[in-house]
Amino acid sequence: MTITDPPVTESPVESGGTAFDQLIDSVRAEFDTQFTWDYGRGRDGLNRLYEKAKRSQWNVSDDLDWSTDVDPERMIRLQAEATGVPAGFPARSLLDVKGSPVASWNDDEWVEFAIHSQCASLSQFLHGEQGALLCTARLVEAVPWIEAKYYGSTQVVDEARHVEAFARYLDEKMPTTYPINENLKSLLDTVLTDERWDLVYLGMQVVIEGLALAAFGMMLGTTQEPLLKQMLRYVMADEARHVAFGILSLREIYDDLPADDFRLRQEFAYEACDQMRRRTLNAELWPHFGIDNADIEAALPDREAQQRFQHILFSKIVPNCKKLGLLDHRDGWLRERFQEMNIIQFEDWENTAEALNLEGRVDDSQAPTSFDPDALEGVEVIDDPIQAS
Amino acid sequence: MTTTEPLPAEHVTDAAFDFRSYANDPDRIADFSRSNDDVNSLISVVEDNADAIFTWGYDKGERAALDKLYEKAKTSQWNGQTDLDWSIDVDPYAVLAPADPAEVAYFADNPDSPLYKLNEDEWLEVGVESMNWSLSQFMHGEQGALLCTAKIVETVPWIDAKYYAATQVVDEARHVEVFAQYLDQKLGGIKYPVNTHLGALLDDILEDSRWDMTYLGMQIMVEGLALAAFGFMHQTTEEPLLKKLLRYVMADEARHVAFGVLSLQEVYQELTVAELRDRQEFTFEAALRMRDRFMRQEVWERMGIPVKDMVKFSLEMPDELRMFQKMLFSKIVPNCKKLGLLDAGDGWLRDRFTDIGVIEFENWVDTGEEYADLDEVAKDRELAGN
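In order, the protein sequence lines correspond to chains A and B. Numbering-wise (this note's numbering), the first sequence opens with residue 1 and increments by one. Numbering-wise (this note's numbering), the second sequence opens with residue 1 and increments by one.
If you are wondering where the hints come from, they were derived from the structure by calculation, not from laboratory data. Take these hints with a grain of salt, some might be off.
Listed next, the in silico DSBU-like pairs over lysine-lysine satisfying Cα-Cα at most 35 Å (straight line) [said to hold, decoys possible]: (1) B:72 with A:229; (2) A:173 with B:72; (3) A:173 with B:338; (4) B:326 with B:337; (5) B:186 with B:244; (6) B:312 with B:186; (7) A:229 with B:68; (8) B:60 with A:229; (9) B:60 with A:173; (10) B:338 with B:326.
For reference, chain A alone in the conformation it holds in the complex (with noise of 0.2 Å):
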């Protein structure tokens, strides 16, 4: 949570002011859809993901307690009580600076701004799971793999169903919903725009979904609200296999590329993070308070020690690159990039391929049942409600 630079202007798609004012929004496609006549299933690790994707389907409407009480302070009071934190940090930490716009803040308005400030969170997930949805559904169209249009079908039906979750829990549960950030925007319509189609993996399937699955993880880490914990835990359990399929197509994609192709996808992968780490968290919460965001940004003290706090959002993204190669080709070009971010020391950090234990030759027979849950670090894996009931 921190105020940074202002969004990036060298996007190839410019960033048309996005508001609730316009109902809709469009953005020019230049891709190719691809029909294959090759029907043989040789991709195993993909077919098991296709596989336990089928089993592991819920329902918002059945699977989710709606009818639990939300109350929007008490959630921000309980969760600064359950972790220590006062509510609105990092922003809270603007309070003791001199000639800061907040300084005479009292703790209820802390707790109202925490208030929005989940709100906001929210609100960029509803909009990133719809930029998903559209992303995937670009995907099934323009990979050549029949394995890969089959997972990827069981994606873009997640992707619906996240935005169905996130929806309803904002309009059913919470004071308000912002428009989607600049940003992430910008990176939506880069990687719905690019007629490559292994840049929409690497775009959503590693960089998007990888700072998702980091994002969700903390918010279901701190908040204590048992339907939004249930929600988050539902949530990622999908995540989990989205970034995989990234990760287990996009290895085998790297294995031919040309090193000058091979280039431009670590640029690509650099830009993008840099675009994702520049975004301005808080930038659509200080005008709801009245408070003008250069006011803010000339009362930060120290800019690298704020944005520290949101480098825990890179911790998947980092070593899905390293594991693909991405890292460490020509020179270690990225590698310095990621240096130079401060983030490098998340390479190590468990892959998400591994832990989901889809690497390696397959038995078929054993393909549901050899999915290990605790390998996605306390996930809980849903089981077909049709199947258990």
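Fit chain B to the supplied structure of chain A, relying on the hints for placement.
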């Protein structure tokens, strides 16, 4: 894939143009030489010209009928691996439907028929090849549906439609999966590439940038025909695995056609007569391509039977023997009527459906509400629970 020549634009507005002769021109129907170039290619590429649409209106249930369909789809999912009994041993000959004796007689007893001198073994071969061909076309069509539905998720601006369409994407993947597995494990492999007319239609649908055309082409025309064709095969085959497979696929297809009808009803209310005329012409072209695809050109070519002669002879078949070809339109025509496409403008599409002899279905039941009755998956689960 090469798209065959579309209906020449100048003829569409020409009152004197003979659509009946155009529709029944054997040269046009039998010409699939151009698409043979890429029979051996493993992929085929179509340009997607549509914009992806974000919607910021997240109010679920704003379109109640679509919302109801989404909730239904969520609870009617099945698993191609575990809900079908793949241990069933299939005799390829037992899969075959008993041929209609009158139709066989037409081809076997007429000295002008390209099939005149076929012996009993050769007739069996026609049956086995035709079954593999039909299921191969179903499979390719399902892949087309998979790609089209993914495109609808991207291009439709309504959140309820994006939600529902997402469930359809996974439905279509399941259908490709089960048809491919059936062909591979039970019928000795996939022997036929996509039919030239079906392929051309799928390309036309995918290339169009107007999102309602994807609905019209895929949900109303291709899926409507599939629902009828699956129903026909389901009634005539005695093979238990195929029977159940078709029953489950049809339960999904009924939702898909309903999705098309419910969505387009809203869209078409806003269109001008000229815009509706575009949709009528698209519908007629699609109807022709789908009728033409059932001429089984690839089967005759594979068996060394002159394709054009077969097409010509098939077209001359007496009306009372054409029940199968006509039945293929038994869902499409009432759905077009419900959408107002039959009679929009001066009733252009009614005239065309009259030209190709399928107008008689106009008052059959449409598919806007039929899906609940066709939910075989729910019925089986209810039985198992009792």
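Against the structure, the hints:
no.	hint	verdict
1	B:72 with A:229	26 Å, holds
2	A:173 with B:72	25 Å, holds
3	A:173 with B:338	40 Å, violated
4	B:326 with B:337	17 Å, holds
5	B:186 with B:244	14 Å, holds
6	B:312 with B:186	33 Å, holds
7	A:229 with B:68	27 Å, holds
8	B:60 with A:229	22 Å, holds
9	B:60 with A:173	15 Å, holds
10	B:338 with B:326	19 Å, holds
Violated hints amount to a single one, hint 3; each of the other numbered hints is respected by the structure.
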